[in-house]
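Required output: the full structure, derived from the provided sequences and hints.
Number of protein chains: 2
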Amino acid sequence: MSITLHKGENCGFTENVIVSPPPKQTSKSRQTIFFENPPRISGRMAVVGEKEGKGPVGAYFDKIVKDAKWGEKTFERAEIDMLMCAIKGSISDADLSETDVQLLITGDLLNQLTSSSYVARELSMPHLGLYSACSTMSESLAIGAAFINAGYFDTVACATVSHFATAERQFRYPLEYGCQRPPYAQWTVTGAGSSVLTKDGKGPRITSATLGKVIDFGTNDLNNMGAAMAPAAMSTLLSMFKETDTSGDDYDLILTGDLGKLGSDILRDLMLEQGYYLGQNYIDCGNIIYDVTQKCYQGGSGAGCSASVLNSFVLDKMERGQYNKIAYLATGALMSTQSCYQGETIPCISHAVIIER
Amino acid sequence: MSITLHKGENCGFTENVIVSPPPKQTSKSRQTIFFENPPRISGRMAVVGEKEGKGPVGAYFDKIVKDAKWGEKTFERAEIDMLMCAIKGSISDADLSETDVQLLITGDLLNQLTSSSYVARELSMPHLGLYSACSTMSESLAIGAAFINAGYFDTVACATVSHFATAERQFRYPLEYGCQRPPYAQWTVTGAGSSVLTKDGKGPRITSATLGKVIDFGTNDLNNMGAAMAPAAMSTLLSMFKETDTSGDDYDLILTGDLGKLGSDILRDLMLEQGYYLGQNYIDCGNIIYDVTQKCYQGGSGAGCSASVLNSFVLDKMERGQYNKIAYLATGALMSTQSCYQGETIPCISHAVIIER
Chain A
48 MSITLHKGEN
58 CGFTENVIVS
68 PPPKQTSKSR
78 QTIFFENPPR
88 ISGRMAVVGE
98 KEGKGPVGAY
108 FDKIVKDAKW
118 GEKTFERAEI
128 DMLMCAIKGS
138 ISDADLSETD
148 VQLLITGDLL
158 NQLTSSSYVA
168 RELSMPHLGL
178 YSACSTMSES
188 LAIGAAFINA
198 GYFDTVACAT
208 VSHFATAERQ
218 FRYPLEYGCQ
228 RPPYAQWTVT
238 GAGSSVLTKD
248 GKGPRITSAT
258 LGKVIDFGTN
268 DLNNMGAAMA
278 PAAMSTLLSM
288 FKETDTSGDD
298 YDLILTGDLG
308 KLGSDILRDL
318 MLEQGYYLGQ
328 NYIDCGNIIY
338 DVTQKCYQGG
348 SGAGCSASVL
358 NSFVLDKMER
368 GQYNKIAYLA
378 TGALMSTQSC
388 YQGETIPCIS
398 HAVIIER
Chain B
48 MSITLHKGEN
58 CGFTENVIVS
68 PPPKQTSKSR
78 QTIFFENPPR
88 ISGRMAVVGE
98 KEGKGPVGAY
108 FDKIVKDAKW
118 GEKTFERAEI
128 DMLMCAIKGS
138 ISDADLSETD
148 VQLLITGDLL
158 NQLTSSSYVA
168 RELSMPHLGL
178 YSACSTMSES
188 LAIGAAFINA
198 GYFDTVACAT
208 VSHFATAERQ
218 FRYPLEYGCQ
228 RPPYAQWTVT
238 GAGSSVLTKD
248 GKGPRITSAT
258 LGKVIDFGTN
268 DLNNMGAAMA
278 PAAMSTLLSM
288 FKETDTSGDD
298 YDLILTGDLG
308 KLGSDILRDL
318 MLEQGYYLGQ
328 NYIDCGNIIY
338 DVTQKCYQGG
348 SGAGCSASVL
358 NSFVLDKMER
368 GQYNKIAYLA
378 TGALMSTQSC
388 YQGETIPCIS
398 HAVIIER
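Sequence order for the protein chains is A and B. Just so we're aligned: the first sequence equals residues 48 to 404 in our numbering. Just so we're aligned: the second sequence equals residues 48 to 404 in our numbering.
Since the hints were derived computationally from the structure, they do not count as laboratory data. Just to be clear, a hint being listed does not mean it is correct.
The calculated DSSO-like cross-link candidates involving lysine-lysine, where the alpha carbons are at most 30 Å apart (straight line), are [what the hints assert, rightly or not]:
#, chain 1, residue 1, chain 2, residue 2
1, A, K289, A, K249
2, A, K101, A, K116
3, B, K246, A, K246
4, B, K249, B, K372
5, A, K289, B, K135
6, B, K110, B, K372
7, B, K113, B, K135
8, B, K289, B, K372
9, B, K289, A, K246
10, B, K342, B, K110
11, A, K364, A, K342
12, A, K135, B, K289
13, B, K249, B, K364
14, B, K110, B, K135
15, B, K246, A, K289
To list a few chain B residues with every Cβ distance to chain A over 12 Å, as calculated [unchecked claim]:
#, residue
16, K101
17, K110
18, D114
19, D142
20, G225
21, T254
22, D292
23, G295
24, D297
25, Q327
26, I335
27, T340
28, E366
Here are the computed distance ranges between Cβ atoms for each label pair [stated by the list, open to error]:
#, chain 1, residue 1, chain 2, residue 2, range
29, B, P103, A, T146, 40 to 46 Å
30, A, K101, B, T293, 52 to 58 Å
31, A, T384, B, Y220, 15 to 21 Å
32, B, G198, A, K116, 45 to 51 Å
33, B, E366, A, T146, 39 to 45 Å
34, B, K342, A, T384, 31 to 37 Å
35, A, E83, B, P103, 44 to 50 Å
36, A, G265, B, E119, 17 to 23 Å
37, B, P229, A, G390, 32 to 38 Å
Where is the CB? At the ideal position from N, CA and C, for every residue including glycine.
This is the structure we're talking about:
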């Protein structure tokens with residue numbers, strides 16, 4: 048490899064990143080499953096908060112909720128409402144009714160997946176609860192597509208949500224504390240995204256899924272999610288390129304979840320080290336959901352970040368013919384406050400799906 | 048229906064249980080997936096703590112760890128070690144090596160699935176993280192079997208864990224507080240169970256999976272998990288009976304996860320109401336893991352409860368020919384402390400798999 052690497056050239060922050068080779072691929076190691084009968088994304092909806100609505104892709108969201116509590120007593124209840132709204136909206140968008148949906152696959156950031164559970168309680172659908180932090184949207188799409196491709200179900204709803212105020216309360220400090228945020232921090236997106244997958248239809252097809260491995264390069268700063276997650280994105284992206292026999296140029300868009308500005312710069316560097324140049328067709332949802340004037344530092348994070356951007360801006364452009372083939376890699380930091388207090392570093396994961404028109 | 052129902056006859060505790068009909072089945076509602084190429088359980092391991100080792104099924108467990116911290120600094124680290132030990136043991140039991148396992152599907156009770164994530168970090172396998180509380184073992188078996196049946200992977204490890212001390216810290220009170228337990232409480236099992244599923248082999252076959260719906264009959268007492276979960280077990284059991292065209296008599300064993308004495312009595316009552324009598328072939332893992340002298344009141348709970356009993360006592364008896372066909376319904380209470388503080392009731396779920404020799 049003759050590429051000259053400038054570590055951290057773009058980001059000016061590499062102290063926490065231990066640059067090491069990705070996990071070895073053994074002969075039987077295969078992360079990608081291909082779908083012979085690729086399921087369609089027939090319906091979608093993205094619901095976000097006011098701040099997200101004012102961001103660069105704000106015009107693409109289906110619903111913008113100005114009140115962070117959405118008329119409820121708690122932020123948690125508002126989060127549940129957003130997830131419900133996105134799921135119901137995506138079902139309508141697919142011209143289906145709730146009774147047509149045979150399986151619901153959701154997850155969220157709250158302990159014990161409370162938003163998912165309370166939403167599933169109201170919907171009479173079999174439910175699979177997932178957790179891979181902010182990688183939940185692509186994990187749910189991967190499992191949903193795998194189940195439809197195998198003929199187990201015809202219609203599956205996949206969704207996730209996050210909320211700035213509930214995430215701050217749970218993972219960092221109560222908002223009332225007024226804690227200062229470091230410059231490498233990200234802002235948890237208040238938003239939900241839902242996709243309805245169907246066996247037939249006219250929407251974009253999910254043609255393969257690459258299931259991620261848990262990767263930990265030694266970052267232990269709860270505020271620096273981008274640096275923690277970039278190696279996991281690299282690991283999955285490398286496996287996806289290799290196993291689908293593609294490279295960056297084969298995609299109209301490579302979309303990561305919520306690495307933010309810093310994390311996506313690190314991913315570019317890490318991929319360069321491995322011999323892959325990520326060009327203008329690589330964007331990160333966390334990097335485009337807010338603009339610099341919104342004081343979100345490195346950008347957005349949270350399970351709802353890529354779920355809402357994928358189900359609005361990205362799939363909208365895809366339906367209009369602007370993108371024909373995209374790779375979507377949501378990225379999740381699997382840390383808990385308890386394990387960080389106990390001195391552990393942050394394990395991360397990224398699941399990928401390829402979506403084609 | 049001419050059955051005379053004696054509500055709570057066996058349990059003497061029905062105040063919290065709102066007896067209501069199970070969710071309506073719509074025409075397109077189908078919870079069961081059938082496996083034409085049923086995957087085999089080729090390897091298994093159960094690791095438990097000292098208390099579980101002294102219980103009625105103690106002799107069946109593969110490894111009994113006497114030190115609750117297993118030589119580690121924290122209970123959480125010990126929990127991670129137990130899960131790792133069970134997974135590695137089950138891989139050896141299947142006469143395979145780690146590099147043969149193509150997918151790892153795990154979940155646990157800790158916030159953000161910390162045990163699962165830290166175990167997956169050490170194993171170079173694609174990882175799917177699940178959460179359905181104490182129903183995680185059957186959720187992972189369902190997804191694992193579905194993926195093998197569809198030909199996506201040949202070898203999948205499915206595992207879960209729980210630990211009394213970490214669960215008390217997270218869900219109730221620190222142990223040091225010496226909180227009194229009410230008589231309807233259960234005891235979180237310290238234990239892990241892992242099953243290795245393979246495409247071929249000689250072990251028992253998973254022939255179908257019935258994915259549960261989230262059910263909430265209005266219980267809001269964090270100590271009364273059995274009463275909260277029984278309606279979810281009923282819902283899934285009814286769907287399984289209906290969709291597989293079977294009844295209680297068709298199984299050598301119907302095994303619920305961790306309803307405990309009280310919860311399994313409630314399940315018997317609820318099923319009677321629906322016209323099904325559960326006889327001597329119905330047992331609950333939580334009900335058999337401790338004996339009354341161990342002061343665990345209604346019995347065991349936790350994701351590791353049914354995972355360890357299934358992967359030892361039950362599959363051992365199956366391999367010896369004592370059981371030919373069993374239905375395994377792990378049961379999960381999806382409450383979080385946060386949602387309970389906010390006045391919510393406890394949503395529950397139960398996923399089922401049918402295992403045949």
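(message) So if I understand the rule, the pair passes when the alpha-carbon distance is 30 Å or less; does K289/A with K135/B pass?
(response) 28 Å, holds
(request) Evaluate the condition: distance from the CB of G225/B to the nearest CB of chain A exceeds 12 Å. (result) For G225/B, whose nearest Cβ neighbour in chain A is about 21 Å away, the distance exceeds 12 Å, so it holds.
(request) Compare the distance between the alpha carbons of K110/B and K135/B with 30 Å, and conclude whether the hinted pair is satisfied. (result) 12 Å, holds
(message) Given the hinted pair K364/A and K342/A, is their Cα-Cα distance within 30 Å?
(response) Distance of about 27 Å is within 30 Å: holds.
(message) Can you confirm whether the C-alpha distance between K249/B and K364/B stays at or below 30 Å?
(response) This hinted pair holds, its Cα atoms lying about 15 Å apart.
(message) Confirm or reject: T254/B is not an interface residue toward chain A, with every Cβ-Cβ distance exceeding 12 Å.
(response) 14 Å, holds
(request) Quick one: work out the minimum CB distance from D292/B to chain A and report holds if it exceeds 12 Å, violated otherwise. (result) 18 Å, holds
(request) Would you check whether the claim that G295/B is not at the interface survives, using Cβ distances to chain A and the 12 Å cut-off? (result) The claim stands: G295/B keeps its Cβ more than 12 Å from every Cβ of chain A (closest is about 22 Å).
(request) Indicate whether the distance between the beta carbons of P229/B and G390/A respects the range 32 to 38 Å. (result) 35 Å, holds
(message) Hinted pair, alpha-carbon criterion (30 Å max): K110/B, K372/B. Please report holds or violated.
(response) 26 Å, holds
(message) A cut-off of 12 Å on Cβ-Cβ distance, and D297/B was said to be off the interface with chain A. Does that hold?
(response) At about 22 Å from chain A, D297/B clears the 12 Å cut-off, so the statement holds.
(request) Please work out if K246/B and K289/A have their alpha carbons no farther apart than 30 Å. (result) Given pair K246/B, K289/A holds - Cα atoms ~25 Å apart, limit 30 Å.
Of the hints listed earlier, there is not a single one the structure fails to meet.
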